[in-house]
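Visitor: So the sequences go chain by chain: A and G. When we follow numbering that gives the first Met the number 0, the leftmost residue of the first sequence carries the number 0, and every step to the right adds one. When we follow numbering that gives the first Met the number 0, the leftmost residue of the second sequence carries the number 0, and every step to the right adds one.
By construction, these hints were calculated from the structure, which means they are not laboratory data. Some hints here could point you the wrong way.
In silico DSS-like cross-links for lysine-lysine, where the CA-CA straight-line distance does not exceed 30 angstroms [unchecked claim]: (1) A/Lys-42 <-> G/Lys-104; (2) A/Lys-14 <-> G/Lys-64; (3) A/Lys-1 <-> G/Lys-59; (4) A/Lys-83 <-> A/Lys-42; (5) A/Lys-76 <-> G/Lys-114; (6) G/Lys-59 <-> A/Lys-74; (7) G/Lys-55 <-> A/Lys-18; (8) A/Lys-40 <-> A/Lys-83.
In case you want the letters, here they are:
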Amino acid sequence: MKATSRDVNGVEIVKLEGKITIGSGDSQLREVIGNAISAGKNKILLDMSGVTTIDSSGIGELVGSYTTVANRGGKLKLLHLPAKLNELLHVTQLITVFEVYENEAEALASF
Amino acid sequence: MDRDGERIEITISSRFENIELVQVIAEHLCENAGMDEDGSHWIGMAVREAVANAIKHGNKLDIRKKVNATFELRGFDLEIRISDEGEGFDPEKVSDPLNPQNLMKTSGRGIFYMKTFMDQIRYSFNTGGGTMLLMTKNLAKGSGIASSKA
Numbered sequence: 000m001k002a003t004s005r006d007v008n009g010v011e012i013v014k015l016e017g018k019i020t021i022g023s024g025d026s027q028l029r030e031v032i033g034n035a036i037s038a039g040k041n042k043i044l045l046d047m048s049g050v051t052t053i054d055s056s057g058i059g060e061l062v063g064s065y066t067t068v069a070n071r072g073g074k075l076k077l078l079h080l081p082a083k084l085n086e087l088l089h090v091t092q093l094i095t096v097f098e099v100y101e102n103e104a105e106a107l108a109s110f
Numbered sequence: 000m001d002r003d004g005e006r007i008e009i010t011i012s013s014r015f016e017n018i019e020l021v022q023v024i025a026e027h028l029c030e031n032a033g034m035d036e037d038g039s040h041w042i043g044m045a046v047r048e049a050v051a052n053a054i055k056h057g058n059k060l061d062i063r064k065k066v067n068a069t070f071e072l073r074g075f076d077l078e079i080r081i082s083d084e085g086e087g088f089d090p091e092k093v094s095d096p097l098n099p100q101n102l103m104k105t106s107g108r109g110i111f112y113m114k115t116f117m118d119q120i121r122y123s124f125n126t127g128g129g130t131m132l133l134m135t136k137n138l139a140k141g142s143g144i145a146s147s148k149a
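Construct all of the structure, not just a fragment, from the sequences and the given hints.
Guide: Okay, here's the thing in structure tokens:
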């Protein structure tokens with residue numbers, strides 16, 4: 000998995016690309032979020048458009064990331080969900096937990 | 000159904016990087032049998048979760064222990080067996096990820112996804128050790144993901 004970050008008006012936009020699966024991108028995602036938190040970022044927007052594969056471990060890391068950021072008074076939101084990831088969040092009812100946006104400007108305005 | 004009677008078997012060591020090998024076999028078998036791309040993807044995902052569990056929870060990442068996968072197609076009925084060399088577990092104790100108390104847990108969704116994407120899953124345990132998971136799917140029924148079953 001590859002992650003590239005940029006700051007827009009205090010919101011850390013992290014674009015994730017590739018796989019978030021067991022033994023691969025799952026631990027990397029944890030590290031990316033940990034680094035952002037350590038750098039004082041607590042408004043995080045994950046751009047998921049480049050995610051090609053995700054499994055239950057990856058979903059679990061998304062949940063863990065959400066909790067980590069929320070526990071520090073911040074917010075983690077999702078942008079550009081691929082259709083299959085959207086389905087996985089729906090069937091597990093996690094879609095009710097995450098704020099999901101299709102438009103970056105709207106997502107930024109929501110923080 | 001020119002793939003009727005097809006049987007494929009693969010044995011891997013307990014490394015996460017081998018999961019995709021088994022997943023790809025599942026997806027190709029389904030596509031070759033006429034399943035659409037989405038349906039094949041979801042079956043591949045069920046296989047991914049099953050193999051990951053066998054490696055992590057069954058064989059506990061011991062690379063000397065093997066995971067065996069067999070795929071058998073009879074008509075439109077696909078049977079997938081995933082076996083490990085672990086000590087087994089009690090499926091009744093697996094928590095429901097949809098329970099509000101479990102919603103924010105970071106693990107425990109693998110078996111749920113398998114049940115969602117397959118018609119039936121059943122675990123059996125050898126007295127001498129080892130767990131075998133049987134998953135079945137009728138490929139004529141479509142993708143089978145829960146939201147489209149409704």
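Visitor: Hints first: check each against the structure and report whether it holds.
Guide: Evaluated hints:
1. Between the alpha carbons of A/Lys-42 and G/Lys-104 the distance comes to roughly 22 angstroms, so the proposed pair stays at or under 30 angstroms and holds.
2. For the given pair, A/Lys-14 sits about 37 angstroms from G/Lys-64 by alpha-carbon distance, which is inconsistent with the 30 angstroms threshold.
3. Restraint check for A/Lys-1 and G/Lys-59: the C-alpha separation of about 28 angstroms stays at or below 30 angstroms, so the hint holds.
4. The suggested pairing of A/Lys-83 with A/Lys-42 holds, with an alpha-carbon distance near 25 angstroms, which does not exceed 30 angstroms.
5. At roughly 28 angstroms between alpha-carbon atoms, A/Lys-76 and G/Lys-114 fall within 30 angstroms of each other, so this suggested pair holds.
6. Only pairs whose Cα atoms come within 30 angstroms are accepted, and G/Lys-59 paired with A/Lys-74 is rejected, the gap being roughly 35 angstroms.
7. Under the criterion of a C-alpha separation no larger than 30 angstroms, the hint pairing G/Lys-55 with A/Lys-18 is consistent with the structure, at around 18 angstroms.
8. With a C-alpha separation of about 29 angstroms, the suggested pair A/Lys-40 and A/Lys-83 falls inside the 30 angstroms cut-off, and the hint holds.
Checked against the numbered hints given earlier, the structure breaks hints 2 and 6 and satisfies all the rest.
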